[in-house]
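*Asks:* So the chains spell out like this:
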Amino acid sequence: MKAPLSWLQDFVEIDLSIPELAHLITMAGMEVEAIQIIGLPMPEPGSVDAHLSGLAWDREKIVVASISEVMPHPNADRLVLCKLFDGQDEHIVLTGAPNLFEFKGIGPLSKLLKVAYAKEGAQIYDGHQEGLVLTTLKRAKIRGVDSYSMVCSEKELGISDEHEGILFLDDDAPAGTALADYMGDAVLDVKLLPSYARCASMLGLAREIAAMTGKTIKPLRRFGAQVAPGRGDFAAIEITNLKMNPRFVLGLIKEIEIRPSPGWVQRRLKLAGMRPINNIVDATNYAMLEIGEPLHAFDHDVLARRAGGKQVKIITRTALPGEKLVTLDNIERTLDETAVLVCDEAGALSLAGVMGGLESEISSQTRTILLEGAAWDFINIRRTARTHNLPSEASYRFSRGVHPSMAERGVCRGLELMQAWSGGEIAPGLVDQYPLTRRDPVIYISSADVKRWLGINLSTEEIMRLLSALDFQCKLDTLNIGIGLFTTPQVIQVTAPDYRLDIGEGVTGKADLVEEIARIHGYDQLPETRMADELPPQFGNLLLEKEERLRDLLVTQGLTEMVSYRWTTPEREGRRLSPDSPVDDKPYLRIANPLAYEKGFLRHSTLASVLDAAERNARLRNRLALFEIGPIFLASEENDLPEERHQLAILLAGPRSLGGWQPADTSTMDFYDLKGILTALLAGLRIPDVRFEPARHPTFHPGKCARLVAGDRQIGSFGELHPQVRERYDWPAAFRGPILSAELDLDALMELIPVLRQTEAVPTLPPVLEDLAVVVDEAIPAGRVADLIRQAGGKVVTEVRLFDVYRGEKVGPGKKSLAFNLTYQAMTRTFADKDVAGMRMRILRRLEQELGAVLRS
Amino acid sequence: MLKKLESIEATALETLSAVQDENMLESWRVAQLGRSSPLMQVFNGFSALSKEERPVVGQKANQVKNALESAFTARQVELHQDVLRRALNQEQLDVTLPGRVQPRGRLHPDTQILRELYRVFGEMGFQVYRSREVESDEYNFQLLNFPVGHPARDMQDTYFIATEGRGDNPLLLRTHTSPGQVRSMREFSALDPENPPPVRIIVPGMVYRYEQVDARHETQFDQLEGLAVGPGITFSNLKGTMADMARRLFGAQTRTRFRASFFPFTEPSAEFDIQCFLCAGKGCNVCGSGWLEIGGSGMVHPQVLANGGYDPERYSGFAFGFGVQRIAMLKYGINDIRNFWENDLRFLEQF
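Those sequence lines, one after another, are chains R and B.
Under the numbering used here, the first residue of the first sequence is numbered 1, with each subsequent residue one higher.
Under the numbering used here, the first residue of the second sequence is numbered 1, with each subsequent residue one higher.
Check the hints yourself; a few may be wrong.
Listed below are several chain R residues computed to face chain B (Cβ distance under 10 Å; list not exhaustive) [said to hold, decoys possible]: (1) Arg383; (2) Gly401; (3) Ala511; (4) Leu620; (5) Thr764; (6) Val768; (7) Glu770.
Everything labelled a hint here was simulated from the structure, so no lab data went into it.
Glycine residues also receive a C-beta, built at the ideal position from the N, C-alpha and C atoms.
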């Protein structure tokens with residue numbers, strides 16, 4: 001909401017500087033987002049936390065002046081010369097303002113024109129340039145006439161972007177007065193959060209300023225005649241849906257004359273961001289901006305005609321499905337039963353609280369005004385305004401909530417302004433239907449409540465003072481005063497003012513009051529204290545701890561962590577599967593309102609995210625070692641909350657080491673690099689007994705893929721990317737070696753991490769080390785041989801490490817030699833040669849029996 | 001004979017001074033102290049000497065031998081030192097050549113910041129509670145006092161999930177971590193519904209807002225929620241906790257500021273700012289007027305406490321929430337929030 005400082009000053013005396021005022025309002029919860037300076041001194045940069053715009057006017061060089069004659073320019077048709085008096089001297093001022101042309105050549109003017117005059121050396125905006133460009137007036141000759149000063153447009157003064165003509169001031173503007181003194185102002189653009197709806201008017205905002213600065217609110221300035229009290233008889237009202245329309249008030253003014261409103265009114269409306277239309281529409285808007293109640297003016301004669309001579313009857317009801325109404329923007333709108341209409345007996349007149357209808361709109365012929373002030377259900381107004389995309393000043397207020405008590409006040413003020421600006425006659429009394437009377441909340445609060453929420457001691461008197469500053473009616477609750485020795489704390493009975501909808505009752509009402517107490521007392525006056533409360537039960541977060549350990553282990557293995565967007569498309573994720581494998585037919589969770597199709601689905605695979613990132617980074621780096629931990633989203637069958645599973649994805653590609661100026665192993669990483677990382681990861685997590693088994697997976701090369709199995713649970717797969725999956729991504733030509741990746745079920749992995757783990761004693765006796773090479777058939781996996789050695793060797797074989805695989809002539813075709821380092825170690829004895837020989841024999845025998853292995857001699 | 005010995009010694013010492021390396025030294029040793037050296041020959045010829053000469057010559061010969069031996073040792077040490085000195089002089093590395101860099105892994109900056117926050121809040125007694133990312137309207141809005149159709153919903157533009165038949169309770173991507181408030185309170189209060197235990201948690205996690213993306217606005221971002229509920233939690237405690245956090249994260253001199261605000265699920269509500277640590281509050285192009293907006297906070301609304309199973313007449317609580325990327329951006333001088341989830345290694349490798 002835009003609030004001109006001068007308008008706020010109608011209601012409250014402000015003796016703060018503009019930065020101080022903006023700070024005060026912001027701290028009280030109404031963020032001042034922008035300040036437009038109209039001629040007043042510009043605040044120091046950095047003194048306000050809001051966007052600053054506008055122009056400071058030099059008090060000597062920019063003044064009010066009067067034009068007494070407009071003469072043609074001797075050499076230019078599109079320019080005129082003004083005879084102008086600036087309070088001291090007379091000047092001839094050259095201008096091209098089209099709104100002076102009607103005065104051209106008619107001799108001395110019967111009524112002086114009051115204008116804003118900029119003298120030589122004054123700094124203003126250049127009216128002829130796009131945007132805001134400062135310029136300083138200098139003496140020049142234009143078409144043979146001396147020019148050193150200007151009469152100014154609003155744009156040149158930084159008031160608006162209006163540059164069609166010069167700004168005319170009111171007739172009583174005193175020539176020679178500094179323009180900044182005459183009409184200097186500042187417009188605060190205040191962001192009002194939903195609970196601050198009461199502040200969406202000059203009066204509302206002024207009330208807050210008054211409360212915070214200890215001032216009292218000034219009474220409304222009177223402009224015209226008041227409506228006579230009593231019940232009006234000029235119309236009838238029928239409300240059919242009380243919840244949607246708790247109150248409806250009508251007033252009537254006759255014999256008005258449609259004309260422009262006074263200049264100062266137009267200026268105020270413009271500063272507040274509204275376009276002046278005519279005195280009647282302006283009066284409704286002025287009253288709305290001033291006290292907060294949106295009003296709607298009907299042409300009563302149109303309504304009377306529609307009523308066919310009978311008394312006008314206003315009916316409010318919800319629209320019929322498909323009902324049509326042409327709104328005053330000349331658009332035919334098709335409505336549904338959620339919209340509320342103001343109708344007469346002949347049909348719909350306006351879209352309640354949002355926009356008027358075209359037919360009953362005010363025209364230049366209008367003579368009688370039926371003025372509506374009403375209260376509407378704010379949630380419904382918000383929905384209607386959104387459905388029809390009709391944001392307006394009225395719907396802005398009604399969709400945040402306007403108290404029903406304002407309906408009557410708004411109509412009275414509107415009639416008064418119309419009477420003042422159009423010269424009409426106000427019909428006595430109002431027609432008022434208020435079936436759903438709102439009771440003002442009553443809350444009981446004590447200093448103990450304030451202590452409980454805020455942690456500070458405020459006396460009963462202090463609490464009453466703070467609340468009274470915001471119009472809350474406070475009195476000591478006599479029923480609660482203690483008897484005898486046991487005096488209970490004094491309880492205050494607080495009644496909320498009849499313009500606020502944001503105060504609840506009971507414990508909620510107490511919290512609402514505590515906020516008001518804190519705001520007016522000042523948030524910055526509250527101390528900073530540490531919690532004295534008992535600590536909660538300590539559960540820790542074991543899952544998170546495990547996850548963080550996992551991250552650390554992966555980073556130790558040289559992998560870089562990624563975090564991806566959760567959205568994707570089925571097509572993009574589909575690339576991770578080879579074309580001959582079954583497609584991912586699990587339904588995706590689809591976003592109903594995505595920013596773009598590409599951001600329309602929640603992912604099924606963390607590996608797909610990692611592959612996408614690898615594809616992009618392959619252009620930047622020839623070595624990639626990435627991982628991501630994150631959720632995937634699987635739609636539930638019952639339209640219920642989806643399953644959020646967590647996955648770990650790893651990707652490796654490129655040279656084993658970074659290389660450099662010295663020899664290094666820069667051969668490309670392969671399956672076993674990834675397996676090594678996974679092995680180290682499992683060891684680091686202390687997960688025992690995980691098996692690597694050959695597997696098939698639609699992402700991986702069928703011969704270079706394994707799965708990790710613990711017990712009977714599969715915890716993930718990994719391998720080299722399937723050549724046809726690889727082809728589906730756009731790798732740079734230089735990116736040649738295998739791409740390895742893994743996708744693990746993080747939830748399963750976390751479950752396998754033991755909470756407690758015992759260590760083994762460090763042996764004090766020396767181990768026996770020996771090498772053992774066996775020849776087996778090519779088809780026998782090395783893992784089986786190693787497992788069997790462990791089994792046959794028993795506990796004393798503490799390490800079995802494969803150090804060589806040999807194929808070739810020496811072992812014959814179809815065979816391979818596997819060479820292992822074995823460590824024999826016992827805690828209580830040292831092995832003699834013959835002990836080891838016995839164990840070796842046992843191992844070899846098992847290998848021979850079960851795998852046909854032969855000791856390689 | 002004594003003369004001869006003197007001359008042997010003189011000659012030997014003279015030749016020793018000409019010895020330049022260990023090979024020459026060894027030759028010298030063989031020549032001067034070896035079996036066939038002139039000195040040894042003197043010893044060998046001992047038997048030919050008279051009884052009177054023997055002790056005199058013997059003594060002299062031993063003196064010469066000792067002198068030559070110690071001269072040898074001295075020369076040996078000297079030469080060894082020479083060799084070492086030469087070697088040290090020659091073995092000069094170009095220390096500006098690059099080292100052998102091992103590929104290094106890195107934690108995502110988001111993880112790094114979250115860990116710092118976990119530590120800071122952990123020491124204040126806050127435990128990490130995690131909650132789901134796809135939520136129901138009920139948990140994301142209704143239980144937090146955003147009624148269906150309420151204008152407060154305009155404050156959080158929402159991504160909805162396409163589902164049918166859920167009426168006023170559609171699925172959505174959580175717009176804040178605040179659903180964790182009711183979820184955690186319900187979990188805690190279920191432990192002892194008559195006397196629910198206090199709650200002190202932080203809820204980290206990804207949240208989503210339907211917003212056009214630019215350098216300062218992301219549509220997916222990480223938030224950290226805090227919640228403390230108990231019989232005696234006050235707004236002053238909230239201020240103290242946020243002030244402690246700010247000092248821990250941004251330095252002991254950092255000041256915090258609370259502004260009145262509105263959130264449907266807190267009352268009183270406040271925005272909290274910290275004094276800009278880049279310009280020490282003087283005002284700069286990052287902060288404008290010396291203060292950086294960090295997050296929202298307030299006392300848990302009585303209705304929300306009740307929704308969580310906590311009697312608002314007996315319990316009070318505070319809650320706060322802020323953007324984790326915002327903190328990371330300030331701390332690391334990151335000027336584009338889009339860097340976080342793009343996973344460009346040129347960004348990630350800086351951490």
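*Asks:* For each hint, tell me whether it holds in the structure or not.
*Replies:* Right, here's what the structure says about each hint:
Contact between R:Arg383 and chain B, as hinted, is supported at the beta carbon level, the nearest pair being about 6 Å apart and thus within 10 Å. Below 10 Å, beta-carbon pairs count as interface contacts, and R:Gly401 has one with chain B at about 8 Å; its hint therefore holds. Nearest Cβ of chain B to the Cβ of R:Ala511: about 4 Å, under the 10 Å cut. The hint holds. Taken as an interface hint, R:Leu620 checks out: its beta carbon lies about 6 Å from the nearest beta carbon of chain B, inside 10 Å.
Look at R:Thr764: its Cβ only gets to about 34 Å from chain B, farther than 10 Å, so that hint breaks. Restraint check, R:Val768 versus chain B: the minimum CB separation of about 34 Å is more than 10 Å; hint violated. Checking R:Glu770 against chain B by beta carbon gives a least distance of about 33 Å; that is not within 10 Å, so the hint is violated.
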